[in-house]
Amino acid sequence: MSITIKWFPLFIALSCAANTAVANEEWQPQEQAREQQAQQDLATVAKELGTARARLAEAQRLSKELAGQFANNEQQLTELNAQWQQASSDMNEIFAVTRQGASDAVKLLSESAVEGQHPDRLVPLKTMAQEKQVPDRAALALL
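Counting with mature numbering (1 follows the signal peptide of the UniProt record, and there is no 0), you get residues -23 to -1, 1 to 120 for the letters of the sequence shown.
A couple of the hints might just be wrong.
Once the Cα atoms are required to be at most 16 Å apart in a straight line, the calculated EDC-like pairs of lysine to aspartate or glutamate come out as [stated by the list, open to error]: (1) Lys103 - Asp81; (2) Lys84 - Asp97; (3) Lys103 - Glu88; (4) Lys24 - Glu8; (5) Lys109 - Glu70.
If you anchor each label on the Cβ, the simulated ranges turn out as follows [claimed, not checked]: (6) His95 - Phe47: 57 to 67 Å; (7) Phe47 - Ser80: 47 to 57 Å; (8) Met68 - Ala36: 43 to 53 Å; (9) Lys109 - Leu86: 15 to 25 Å; (10) Asn49 - Asn69: 29 to 39 Å; (11) Arg32 - Glu8: 34 to 44 Å.
Quick caveat, the hints were computed from the structure, so don't treat them as lab data.
All C-beta atoms, glycine included, are put in the ideal place defined by N, C-alpha and C.
Construct the entire structure; sequences and hints are all you get.
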């Protein structure tokens, strides 16, 4: 009996090794299929990652392009605003001269002999001389 007990662990080990070899043969196709599926999944993820990186690069390029366009538009807007301010100042001067001309015309016509015959004709000129708004074409035609 002592011989049997002595060799029992070796027998168990050999038996387990044989069972493991059989199990390995049974599991090997399944393991290969899982490994192949994992490789396919990895390839799919790598492809999607490449696509995402390309889309990110395109979005960054577009962002830089739009930022440059925005800066150009800002500069153009600043220049146009300066031109508008200059033109506005020039127009204010012109309309100040127009109001002054209307005021002078009111003085001249109010002292004329025709004023008694047409007292209502100075009303539009008086209105133009006193207004702070820009006169329209009809008002300018009176001068």
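Q: Would you mind confirming whether the straight-line C-alpha gap from Lys103 to Asp81 stays at or under 16 Å?
A: Satisfied, since the Cα-Cα distance of roughly 10 Å is no more than 16 Å.
Q: For His95 and Phe47, compare the CB-CB distance with the range 57 to 67 Å and indicate the outcome.
A: Once the Cβ atoms are compared, 60 Å apart, the range 57 to 67 Å for Phe47 and His95 holds.
Q) Given the hinted pair Lys24 and Glu8, is their alpha-carbon gap at most 16 Å? A) 24 Å, violated
Q) Does the structure keep Lys84 and Asp97 at a Cα separation of 16 Å or less? A) Satisfied, since the Cα-Cα distance of roughly 14 Å is no more than 16 Å.
Q. Are the Cα positions of Lys109 and Glu70 separated by 16 Å at most?
A. With Cα atoms ~12 Å apart, Lys109 and Glu70 stay inside 16 Å; holds.
Q) Holds or violated: 47 to 57 Å for the Cβ distance of Phe47 and Ser80? A) Cβ of Phe47 to Cβ of Ser80: about 48 Å, so the range 47 to 57 Å holds.
Q: With 29 to 39 Å as the target window, see if Asn49 and Asn69 comply at their CB atoms.
A: 30 Å Cβ-Cβ, so the 29 to 39 Å window holds.
(Q) Please verify whether Lys103 and Glu88 have alpha carbons no more than 16 Å apart. (A) 14 Å, holds
Q) Quick one: are Lys109 and Leu86 within 15 to 25 Å, going by C-beta? A) 22 Å, holds
Q: Kindly confirm whether 43 to 53 Å is satisfied by the beta carbon distance between Met68 and Ala36.
A: Since the Cβ atoms of Met68 and Ala36 sit about 46 Å apart, the hinted range of 43 to 53 Å holds.
Q: With 34 to 44 Å as the target window, see if Arg32 and Glu8 comply at their CB atoms.
A: 36 Å, holds
When the structure is compared with the earlier hints, a violation turns up for hint 4 alone.
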